[in-house]
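Protein chains in written order, with the working numbering: chain A, 274 to 795; chain B, 13 to 381.
FYI, nobody ran anything at the bench for these hints, they're computed from the structure.
Small disclaimer: the values here were computed from a predicted structure and weren't measured.
One or more of the hints may lead you astray.
[Stated by the list, open to error] Examples of chain B residues lying across from chain A (beta carbon under 8 Å, computed): (1) Thr-55; (2) Thr-94; (3) Met-99; (4) Arg-103; (5) Val-181; (6) Val-182; (7) Gly-183; (8) Ser-209; (9) Lys-265; (10) Leu-269; (11) Gly-339; (12) Arg-341.
For each residue, glycine too, the CB sits at the ideal point set by N, CA and C.
So the chains spell out like this:
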Amino acid sequence: MSRDLSLGVDVGGTNTDAVVIDADGQVLASTKQPTSEDVTTGIRAAISAVLTQLGDARPQVSRVMLGTTHATNAIVARRDLDRVAAIRLGAPAATEYPPLLGWPPALAQKVLAGSAMLGGGHMVDGTPITPLDRDGIRRFLDQTEDFDAVSVTGIFSPSGPEQELEVADLIRAHLGADARVFLSQDIGPTGLLERENATVLNAALYSVARSVTEALVTVVTEEGLEAATFFAQNDGTLMSLDHAALYPVLTIGSGPANSIRGAAHLSGAEHAIVVDVGGTTSDLGVVVNGFPRESTLPREIGGVRTNFRMPDILSLGIGGGTIVDLVTGAVGPGSVGHRITTEALLFGGPTATLTDAAALKSTPVEGRSLPDLPGSTGRMLSAALEEARRRLEDAVERLSLGRADLPLVVVGGGGFLVPDQVPGAGPVLRPGNGDVANAVGAAISLAGGRADQISSLDEREAAIQAASEAAVAKAIHAGADPLQVTVVDILETPVTYTDRPTVKVSVKAAGPLARLGERMNA
Amino acid sequence: MVMPMAHTSPAAAPGAFVAASDVAALAAGAAVFGTGGGGAVHTSQVVAEQALQEHGPVPLVTVDDLGPDDLVMLMSGIGAPTVGIEMLSSRHQIDLLVREAQIAAGRPITTLMAAEIGGSNGVGPVGWAARLGLKLLDADGMGRAFPSAAMVSMNVAELPCDFAILSDVVGNVSVIKTIDLHWLERHARALTVASGSICLGAHYPMTAETARGAVVEGTVSAAIRVGHALLSAADPVQAVAAELNGAILLTGKITDLDRRTEDGFARGSVTIAGTGADRGRLQRLELQNENLVVLEDGEVLVSVPDNVTIIDAETGQAISTEMLRYGQRVAVLAWACDPIWRTPRGLELAGPAAFGYDLDYVPFKEINR
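Next up, chain A with everything else stripped away, as it sits in the complex (with noise of 0.2 Å):
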């Protein structure tokens, strides 16, 4: 019996889908639920009903993938978060800027246990700024109440890892073996407030991302299913379910990165702009060998900026359910949202929306026709979608990057807004299944990691080797298999101010997951 199929889940804020696929990628079930207020209900009725849809071939599924915006919505309602010890190396630079600098007050208090700034560190040239403080780190983890993890944020970690370690160690060995210690190095490249911000935010969400790891376990094993259970990361590539517990922040962009991976895999094509129309704002993002494209401008969660790499999403007010004001002609942002059914024109309703305007020249709603409208509402409606389609296509062509013939992968319940033609891309896709695309995504998603290293000019060939080789291990660690792990993404930065030209250089190795049917089996 082959065991090649993957089963894909995701927890939205509103629906958990749920797919199953097979090794050539093909949908054999899918299914949406309602998510439930403790997400292991939700992901129950999903996975239960496409194992129900696959029958005998149920044992032959061999992972589970999760994606969700569960941490966001976490760091966003300030709920469940734990307290954390916040400790930087490199005092006194960088004490000006005290950690947790700009947050919001409320979210601080909730996760802030206690902080402190003390030597340590390295420059850019790995001379160290001042002495490792171990007495002041143990003095303060002694001195501070009530918190359940230590964060720790050394200057420069990313170019030198190793104090971070040892301070990992140092802290084990004063709180006990199994103290929760989260460092830098492992959150994010150069650029210190941001860095910290993530990683006192990925100690804050421990237990937020236990409580998924656990339902998804809890479900697996229920189900009697013989699968290896991953998390769905920002980048589009997965994590093991240990490392997801480790790194709940990195699977903070999931959601979208899923969305765009799942609809550009189910429409066949590796380059695509994607867009997901739905019923109050269209998401446009990009495909590029089979990852989302990423933004490099710093990105706020919750009020808290971070450095992380997000899918580049560029939202706009169009959807389905968009109400169209036929006093001024304007076209949203306001949308009746899940009401259409009893809102718009074509069920009978009171208020013109998109859907309706796109009814004048075609189906959109099987069944469903116009009732008699006065001719300046229609024309009217006629404005509205050409304004709809007006700013769709100077989206994609945003996104374009100036190549006309990539394709425009169509998703989303209000996917008839997007004409069959449009300036700036290549061929109009409507891939089926669109409407689970997130949770095709999460199961089609490879195994990936990044790494970070500045070197001089001269020794930049030396530090391209040093970070792919540190990406690759963090990639087969969160479960790609060795044999295909190939580096995908080298990205240069230059250094000025400088004695000899120096770059940062970061890479990204990917590959498909390691087969671990068979280990499991032994």
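With the hints as your guide, set chain B onto chain A.
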């Protein structure tokens, strides 16, 4: 009509202050004055806001307000932006700097001034002034951002720099006395590298007498006004252009980006294709840390020392050269430099030739398209 900024920007009114609530506008405005460089303003903004909340508003004074007992120091952060985002300044770095400057000057420093209003260097001094209980001069040494310490208005005015002080993150302080600004830059650069590629600096001690005609006046209040326009206007792009008496040369999207590093500077070019009413037009900008030259159809539209900033086509927020990305929707904003840069010595120091461009400087005029 050409309306140089110093003339269109009324200097700070008597009793003027910069309050914590002005810092966001100052930061947004300073980013516009960064002309593509000057460093990201965000962290400086957060720290300056906190300093003003703790210590209260900072008196914003003009050159006319300065008395015989006043002594002004020019303040700046020096170093590599890629290091500056990781090894940030220490809490006592600025105190050490000013204390040492007072010893070197032999009298109290009363007033701080930003070396360049563009970017993070334009935001930091207000917070430092608050913490040290000093005044802030409504002026800077550039009226924009430039890559070299020699490209300051005091140098145009041939004002000698008596001394410079550098302080680093661990507390090393250096007093530098050089024969001219080029040597100062060379020594400051070597010391900065020794300090981990990032330092704070104070130089150009000035009195009321020597500051007059040697600084670019009104730029702090101008940055705050530009920032307020940007943050509150219904059409921020047009509001920012109007506030600067400048023009939007083109609205479009970035269709090509070419970046490389030469001699320690980020050099390159960006191509912007017009959209909407500008469809069919194409402009190329030459960059060296800052935006230096705008070309269209082989002709130079604007060149350094006049100011060019690429701003977001919707929000009007300045986009620094390292944040430029393919496909961004942008507007090219240009406005006239301070008249001091249009003098023969100003052009010698910071005209096109100073950046290696073989072209004649044509003063930018407001263009109504």
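These are the hints, each one checked on the structure:
1. Thr-55: Holds: closest Cβ of chain A sits about 6 Å from B/Thr-55, inside 8 Å.
2. Thr-94: Because about 5 Å separates B/Thr-94 from the closest Cβ in chain A, which is inside the 8 Å limit, the hint holds.
3. Met-99: For B/Met-99, the interface hint holds, since the closest Cβ of chain A sits about 5 Å away, which is under 8 Å.
4. Arg-103: holds (4 Å)
5. Val-181: holds (4 Å)
6. Val-182: With a closest approach of 6 Å, the B/Val-182 hint holds.
7. Gly-183: At about 7 Å, which falls below the 8 Å cut-off, the nearest Cβ of chain A leaves the hint on B/Gly-183 intact, so it holds.
8. Ser-209: For B/Ser-209, the interface hint holds, since the closest Cβ of chain A sits about 5 Å away, which is under 8 Å.
9. Lys-265: B/Lys-265 check passes; min Cβ-Cβ to chain A is 6 Å, inside 8 Å.
10. Leu-269: violated (10 Å)
11. Gly-339: Holds. Min distance 5 Å.
12. Arg-341: holds (6 Å)
Hint 10 from the earlier list is the only one contradicted by this structure; the remaining hints agree with it.
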